[in-house]
Structure formats: C-alpha cells, structure tokens
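Student: As a plain string of letters, each chain reads:
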Amino acid sequence: MITVAQAVVRCLEAEGVSVIFGYPGAAICPVYDALSVSSIHHVLVREEQNAAHAASGFARISGKPGVCIATSGPGALNLITGIATAYADSIPMVIITGQVSTELLGRDVFQEADITGAAEPFVKHSYLVKEPERIAGVMKEAFYIASTGRPGPVLIDIPVDVQRVKIEFDYSFDVSVRGYKPTLAGHQGQVKRMLAALKAAQKPLICAGGGIFSCHAQKELRGFAEYCKIPVVTTMMGLGAIETEHPLNFGMLGMHGQRTANMAVHEADLLILIGARVGDRAVTTPGVLEKRTKIVHIDVDPAEIGKNVDVQIPIVGDAKVILTQLMEKAEPMDHVNWLNELDKYKKPAVYQQTPDKINPKEFIHTLSERAEADTVFVADVGQNQIWSAANCVLRNGRFLTSGGMGTMGYSVPAAVGAKLASPHQPVIVTCGDGSFQMEMMELATICQEKLDIKIVVMKNNRLGMVRELQKNDYAGNYTAVFLDGGPDFGKLAAAYGIPSLSISRPQEVDGALERLLSQTGPFLLECMVDPEESSL
Amino acid sequence: MKQTVSILVENHAGVLSRVSGLFSRRGFNIDSLAVGVTDDSSVSRITIVVDGDDYMLEQVEKQLNKLIDVIKLRTLPQDEIISRELMLIKVTAKSDARGDIMDIAKIMGAKISDITTSTMTVEIADTAERLQTMLDLLAPYGVKEVVRTGTIALQRGGESITVQK
Ligand SMILES: Cc1ncc(C[n+]2csc(CCOP(=O)(O)OP(=O)(O)O)c2C)c(N)n1
Ligand SMILES: [Mg+2]
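Protein chains in written order, with this note's numbering: chain A, 22 to 557; chain B, 41 to 205.
For the record, the hints were derived by calculation from the structure and aren't laboratory data. Please note: incorrect hints may appear among the correct ones.
[To be verified] Cross-link-like lysine-lysine pairs, in silico, PhoX-like; alpha carbons within 25 Å at most:
hint, chain 1, residue 1, chain 2, residue 2
1, A, Lys-240, A, Lys-85
2, A, Lys-213, A, Lys-312
3, A, Lys-328, B, Lys-146
4, A, Lys-328, B, Lys-106
5, A, Lys-240, A, Lys-367
6, A, Lys-85, B, Lys-106
7, B, Lys-102, A, Lys-328
8, A, Lys-492, A, Lys-378
9, A, Lys-202, B, Lys-106
10, A, Lys-224, A, Lys-202
11, A, Lys-315, A, Lys-367
12, A, Lys-328, A, Lys-312
13, B, Lys-184, A, Lys-328
14, A, Lys-202, A, Lys-328
15, A, Lys-365, A, Lys-350
16, B, Lys-102, A, Lys-202
17, A, Lys-202, B, Lys-146
18, A, Lys-378, A, Lys-250
19, B, Lys-102, A, Lys-315
20, A, Lys-240, A, Lys-224
21, A, Lys-187, A, Lys-202
22, A, Lys-365, A, Lys-224
23, B, Lys-102, B, Lys-42
24, A, Lys-367, A, Lys-250
25, B, Lys-146, B, Lys-184
26, A, Lys-220, A, Lys-187
27, A, Lys-161, A, Lys-85
28, A, Lys-85, A, Lys-471
29, B, Lys-106, A, Lys-161
30, B, Lys-112, A, Lys-161
31, A, Lys-315, A, Lys-365
Given the structure is predicted, the values throughout are model-derived calculations rather than measurements.
Please take these sequences and the hints and turn them into a complete structure.
Tutor: Spelled out as structure tokens, the structure:
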C-alpha cells in the first residue's frame with residue numbers, strides 16, 4: 022500500500038514526466054515529500070503563474086503535457102492566469118493543486134479557495150479528488166484528456182488528508198471516458214469534397230494555425246502545400262509551421278500581420294484553414310471573408326468550425342491524419358499564375374534607418390538570421406511581440422508566444438520550460454521592459470537551474486503598445502504608460518551573476534549579437550528603443 | 041425560437057454548475073432547466089429549453105459536447121416532442137369560489153392537492169403553454185404563490201437517447 026501522494030508521483034513517472042514546475046505549501050506537502058525520492062526533476066519557480074507558463078513552454082517544445090504543481094488557496098489562485106493562457110492556446114497541461122482537508126471544505130478555512138470552480142472557464146476538465154482510490158484513474162484520465170483531441174489544461178485538486186490515505190496502487194489499466202471520444206480521421210466524403218473544391222479553385226490558400234504544432238503536422242503541411250503548390254499564410258500561433266523563407270510562405274495574416282499575407286487572404290477563392298480558429302486578431306472581418314471566398318475548415322474541435330466564420334466544407338479531425346488523407350488522393354497542381362501574382366506582393370523587408378536609433382524590427386530580423394537554425398524564440402506581449410512575430414526568420418526552430426490571451430510575463434518562464442524540454446536547442450527571449458518587470462523574478466530560476474537562456478529586453482521606458490493605442494485612439498493622452506522607476510537591468514542581471522550589455526546605437530548591434538550568440542550560459546541584452554517606434 | 045435539448049451527463053457533483061456556467065459564460069439564454077437521475081444511476085438527464093437562432097443552437101450543442109461530463113445530447117425535433125412541466129399554484133379560494141376553481145381544474149386535467157378555509161393549491165402537469173392558460177384562468181381569483189419545475193421532454197415514437205453500457 023502507498024499513499025495517494027506517492028501514487029501521484031508514481032503516475033507522473035508512468036506518464037513519462039521528467040520535469041515539473043511548482044511552488045510548495047502546507048496543503049501539497051505530502052506530494053512534495055513523495056517527489057523528493059523520485060527521479061522527476063522539480064523546478065522551483067519564483068511565483069506560481071510562472072510554473073504554469075514554464076509547463077506551457079515545456080509542453081510546446083516536448084509535445085507532451087507540461088506539469089505544474091502548487092499549494093491550496095493563494096498558490097492555486099496564482100496559477101490561474103497561466104492556466105488561462107495555456108487554455109487560450111490549446112496547450113496540453115496537467116495541474117496538480119493541494120486543497121484543504123476534506124472535512125474542512127466549504128468552511129472558508131485558512132488558504133481555502135474553490136480552485137476547480139474558479140478555473141472552470143479555463144480548463145478542458147478538472148477533478149476534485151475526494152475518494153483516495155480514484156487517484157490513479159483521475160491521473161490517467163487527466164493525461165489522456167490533456168494531450169488528445171484539442172489539447173488543453175486539466176486540473177487535479179487533492180485535499181491534503183486524501184494525499185495521506187494509503188491505497189492499493191495499480192496503473193495498468195486502459196483509460197476510456199464515455200463522454201470524450203475525439204475524432205482523428207477526416208470524413209472521407211468531406212475530404213473528397215475538399216479535393217474537388219481545390220481542383221476547381223484558381224487561387225487556393227492555406228491558413229495554418231497553432232493546431233499544426235499540436236499534432237506535429239509540420240512535415241505533412243509542407244508536403245501537401247508543395248505537392249499541390251498551394252501558398253501558405255499562418256496565424257501568429259502558426260508561425261514556423263513552415264519556414265519563413267519557404268517560397269510558398271506568404272507570412273502572417275491579420276491585424277498585426279504582413280500585407281502580403283492579408284492580400285493573399287483577400288484574393289483567394291478557396292481558403293483552407295488548418296488548426297486555426299479564426300480569432301479576431303487573425304481575421305478582423307469574418308462576416309466579409311466568407312462572401313468572397315469558399316472556406317474549408319480542418320479542426321479537431323468541431324466547436325471551432327462555424328463559430329467565427331461560415332464554412333462550406335468542414336472537416337473534423339486531426340490535421341496530421343487529414344493532411345495524410347489528402348495527400349493520398351490529391352493530384353499535383355501548379356497554380357503558376359496565382360503564385361506569380363502573390364510573388365509580386367512579396368518584397369524583401371526594407372527597414373527604415375534613423376541615425377543613432379536601433380530599428381527594433383531590423384534588430385529582430387538580424388538576430389534571428391544570425392541565430393542557429395533550430396533556435397526557439399520566445400516572445401512576450403506588446404510592441405516587442407509584434408516586432409518579433411513579424412520579423413523573426415524561422416527555419417527549423419520555433420516561435421512561442423501567448424497568442425490567445427496576450428499575457429505579459431509569459432516569455433521568460435516559458436523559455437525556462439522550453440529550455441528544459443530541449444537543452445540542446447538555443448532559446449532566445451525577446452520581451453518589453455514592462456513585460457520583463459512582470460517576470461524578472463525568474464532570473465533566479467534560470468540561475469538555479471543553470472539554464473542557457475538569452476534575454477533581450479527591448480527598452481522604450483514605456484508600455485509601448487498601450488502608449489501607441491493612446492496616441493492613435495485617445496488623442497495622445499498618455500497616461501499610466503511611463504515606466505520611470507524601473508531598475509537598471511544590467512545591474513539587476515549582475516545581481517544574479519548574469520552578464521549583460523546595453524546598446525542604443527545601430528553600430529553596436531553587430532558586436533552585441535556576436536556576444537549574445539557566442540556566450541555560453543545566460544545573458545541579458547538591453548536594447549534601447551525609441552518610444553515613438555510603431556508596432557507595424 | 042425555442043428549442044429543447046436533452047443532455048445525458050455523468051451523475052456526479054459539479055456537473056450542473058459546469059453546464060449552467062457554460063450557458064452564462066457564452067451568453068446562451070436558458071428558458072428552463074430540469075435535471076434528474078435516469079434508470080442508470082450513474083447518468084443524469086438534463087433538459088434545457090433554450091431561446092435562440094440556429095447559430096446559437098449549434099454553438100450550444102457543440103460547446104456542451106466539449107464538456108467531458110456530457111455523454112450524449114440531442115436537440116429534440118420541435119414537432120415530435122412530448123413535454124411536461126409540473127406546476128403548483130396556491131390560489132385564494134373562499135367557499136364561494138371553490139366550485140369554480142374545481143371546475144377549471146377538472147377541465148384542465150389538474151388536481152386539487154391542498155385546501156384550507158381561504159386557499160386551494162392546484163397541481164397541474166402539462167406543456168408550458170397549457171400551464172400559462174391555467175395561470176390566466178386562475179389569475180382572477182388571486183394567485184398567492186406559484187412554483188414550476190422546468191420542462192422535461194421525450195421524443196415521440198420509438199427513438200431514444202441512451203448510453204451504451
Ligand atoms: C498581464 C497583462 N497586463 C496588461 C496587458 C495590456 N498590455 C498589452 S501590451 C502592454 C504594454 C507592454 O509593455 P512592454 O512589455 O514594455 O512592451 P512594449 O509594448 O513597450 O514593447 C500592456 C500593458 C497585458 N497584455 N497583459
Ligand atoms: Mg516597453
């Protein structure tokens with residue numbers, strides 16, 4: 022017989038979990054006690070939200086559910102923003118929280134918070150484990166639900182008395198949830214209809230979203246696009262689904278996207294959405310789009326199809342499986358005229374030069390070109406996110422950011438998770454000076470874990486994106502966007518023993534990048550940016 | 041347009057709050073909601089009457105289906121529904137009004153379930169529309185209190201919604 026807490030750890034081991042992110046407290050101590058004798062590596066973050074973001078970064082790079090753990094009440098509550106951020110981007114995650122003792126539940130005792138209730142809108146599913154014998158079943162279901170279908174966070178709340186109960190442990194059973202049967206293969210009839218529509222189309226276009234990564238379909242996407250010569254645009258979550266400089270890649274669409282991509286969407290007569298949910302930032306005029314274009318929507322979540330845009334041909338299923346089905350039946354095509362037309366819009370980026378000012382867009386472009394091909398770029402939120410998304414040259418690396426929720430403070434902790442998931446891949450953070458101040462406590466985690474993470478802080482001394490909004494929509498009434506009082510980031514880094522450099526002039530970029538990219542171990546680069554610089 | 045959705049769910053704590061939370065979060069309007077256990081004690085059946093257009097109904101179905109606790113659901117075809125709602129009405133009834141109220145109850149297929157010197161409590165199980173008629177008929181006597189269960193419904197004919205064992 023083992024305790025429920027020990028069973029939790031045994032389940033994690035059986036699920037192949039190697040790293041978990043967390044922060045302890047009284048209500049989760051039995052699990053921590055059991056963890057201490059496990060081979061699972063626990064990473065002590067400096068605030069629970071960052072445990073969730075780190076688990077998210079880990080999940081996105083490892084392709085397996087990220088795991089985070091916290092205590093009851095404030096610990097669990099601090100996780101919520103991280104959970105919601107993962108939910109918005111469909112990231113697989115298992116969250117384990119301690120809860121007050123069963124007999125005290127509902128009495129508003131010390132550090133009691135109804136976390137399953139509070140997190141309900143942001144989880145794929147949740148459990149409050151009151152029956153000790155259920156733990157193995159719950160754990161297995163949680164990993165299964167988090168990682169299949171449309172991935173998402175699953176929360177397991179365990180009262181501290183339950184954690185101490187001894188049970189008979191067995192994990193050798195098959196999981197089956199009668200209310201949950203995700204569809205994998207696309208309906209053959211719909212696949213045929215889509216291929217017929219493709220044959221009839223003059224100007225087909227693929228729009229690839231984050232779903233491509235959820236099911237690891239990058240290769241299939243590229244194969245299908247190349248075979249049928251279909252141009253591709255991506256959402257922000259889909260960045261990197263196909264290499265930036267691939268001749269069929271026409272960039273990121275949407276409000277903050279590139280003109281080429283938006284022109285392509287405007288001109289297309291058949292739009293094939295794959296693992297993209299037609300969010301409002303990607304498609305700003307959904308009502309208009311479907312009048313112009315025939316739309317095929319491939320998504321594992323049927324609820325996304327027809328939610329934001331009318332769809333003629335829905336195909337529910339796993340994008341990787343469906344792309345394989347399409348490849349089996351498709352005939353090669355060329356679409357020469359259409360590609361020529363689009364090529365005309367494609368212009369090499371010209372970066373405006375201002376004496377003595379670093380152009381942040383060009384900076385990102387150069388940084389990404391000079392970085393290793395498999396670099397993981399982790400962008401925060403704000404103008405820096407738009408600069409990064411639009412100018413990062415991706416080859417076989419990745420681009421991680423909080424796309425759906427736009428959560429400031431995502432990048433550094435997510436980078437911690439990404440680095441631990443794939444230690445040999447370079448990891449570079451680009452963040453704003455506002456966002457960085459929401460996450461800079463994680464420099465300690467980077468040091469404690471000895472992680473080779475490079476951080477670029479784009480310093481405009483402003484909440485730049487809000488300032489830009491105030492400039493354009495509020496007649497320049499700048500309020501609450503000045504970051505005066507912020508620390509000297511170089512000195513801050515030094516306090517953690519992290520080397521750093523600050524640059525403000527274009528001539529300094531070259532040397533700084535040389536230093537950043539050749540340094541082993543963590544490094545912080547402060548890049549001064551003109552507050553007047555615009556997002557686009 | 042009103043639609044009746046029947047939902048089979050896991051019979052455990054928290055399920056009803058998940059379902060109702062989803063409705064409020066997504067701005068779906070619930071006209072009525074009724075829930076009870078089925079012949080299989082691990083399964084409850086929720087009947088929800090929603091008011092909305094086809095787009096909303098499709099979203100209701102799809103979003104409900106995403107809940108892990110929802111095992112199966114079906115929107116019952118409007119013209120093939122047997123629906124019932126139970127209502128208890130306490131109405132002012134001095135001795136001179138008793139006869140009239142009993143006549144109304146008889147015609148409407150209702151029952152008198154309680155009586156005092158000054159009130160009568162009428163019990164009726166019927167469709168939502170018939171319940172409204174009953175209320176209108178009793179209004180002139182002075183309605184003191186009303187309670188309704190929310191609609192439950194089955195589809196006419198041999199079809200059924202069940203969970204495979
Ligand atoms: C947690 C959180 N709070 C507030 C916002 C609103 N917001 C969006 S961008 C932004 C400014 C970000 O400033 P900074 O990190 O310095 O980036 P910059 O825009 O200056 O590049 C703010 C406050 C947000 N996205 N997330
Ligand atoms: Mg800033």
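Student: Each hint: holds or not?
Tutor: Now the hints, each set against the structure:
no.: 1; hint: A:Lys-240 with A:Lys-85; verdict: 18 Å, holds
no.: 2; hint: A:Lys-213 with A:Lys-312; verdict: 23 Å, holds
no.: 3; hint: A:Lys-328 with B:Lys-146; verdict: 49 Å, violated
no.: 4; hint: A:Lys-328 with B:Lys-106; verdict: 14 Å, holds
no.: 5; hint: A:Lys-240 with A:Lys-367; verdict: 24 Å, holds
no.: 6; hint: A:Lys-85 with B:Lys-106; verdict: 21 Å, holds
no.: 7; hint: B:Lys-102 with A:Lys-328; verdict: 10 Å, holds
no.: 8; hint: A:Lys-492 with A:Lys-378; verdict: 21 Å, holds
no.: 9; hint: A:Lys-202 with B:Lys-106; verdict: 10 Å, holds
no.: 10; hint: A:Lys-224 with A:Lys-202; verdict: 35 Å, violated
no.: 11; hint: A:Lys-315 with A:Lys-367; verdict: 24 Å, holds
no.: 12; hint: A:Lys-328 with A:Lys-312; verdict: 16 Å, holds
no.: 13; hint: B:Lys-184 with A:Lys-328; verdict: 45 Å, violated
no.: 14; hint: A:Lys-202 with A:Lys-328; verdict: 21 Å, holds
no.: 15; hint: A:Lys-365 with A:Lys-350; verdict: 31 Å, violated
no.: 16; hint: B:Lys-102 with A:Lys-202; verdict: 13 Å, holds
no.: 17; hint: A:Lys-202 with B:Lys-146; verdict: 50 Å, violated
no.: 18; hint: A:Lys-378 with A:Lys-250; verdict: 41 Å, violated
no.: 19; hint: B:Lys-102 with A:Lys-315; verdict: 23 Å, holds
no.: 20; hint: A:Lys-240 with A:Lys-224; verdict: 23 Å, holds
no.: 21; hint: A:Lys-187 with A:Lys-202; verdict: 32 Å, violated
no.: 22; hint: A:Lys-365 with A:Lys-224; verdict: 15 Å, holds
no.: 23; hint: B:Lys-102 with B:Lys-42; verdict: 17 Å, holds
no.: 24; hint: A:Lys-367 with A:Lys-250; verdict: 17 Å, holds
no.: 25; hint: B:Lys-146 with B:Lys-184; verdict: 20 Å, holds
no.: 26; hint: A:Lys-220 with A:Lys-187; verdict: 63 Å, violated
no.: 27; hint: A:Lys-161 with A:Lys-85; verdict: 14 Å, holds
no.: 28; hint: A:Lys-85 with A:Lys-471; verdict: 23 Å, holds
no.: 29; hint: B:Lys-106 with A:Lys-161; verdict: 19 Å, holds
no.: 30; hint: B:Lys-112 with A:Lys-161; verdict: 22 Å, holds
no.: 31; hint: A:Lys-315 with A:Lys-365; verdict: 24 Å, holds
Of the numbered hints given earlier, the model fails hints 3, 10, 13, 15, 17, 18, 21, 26; all others are met.
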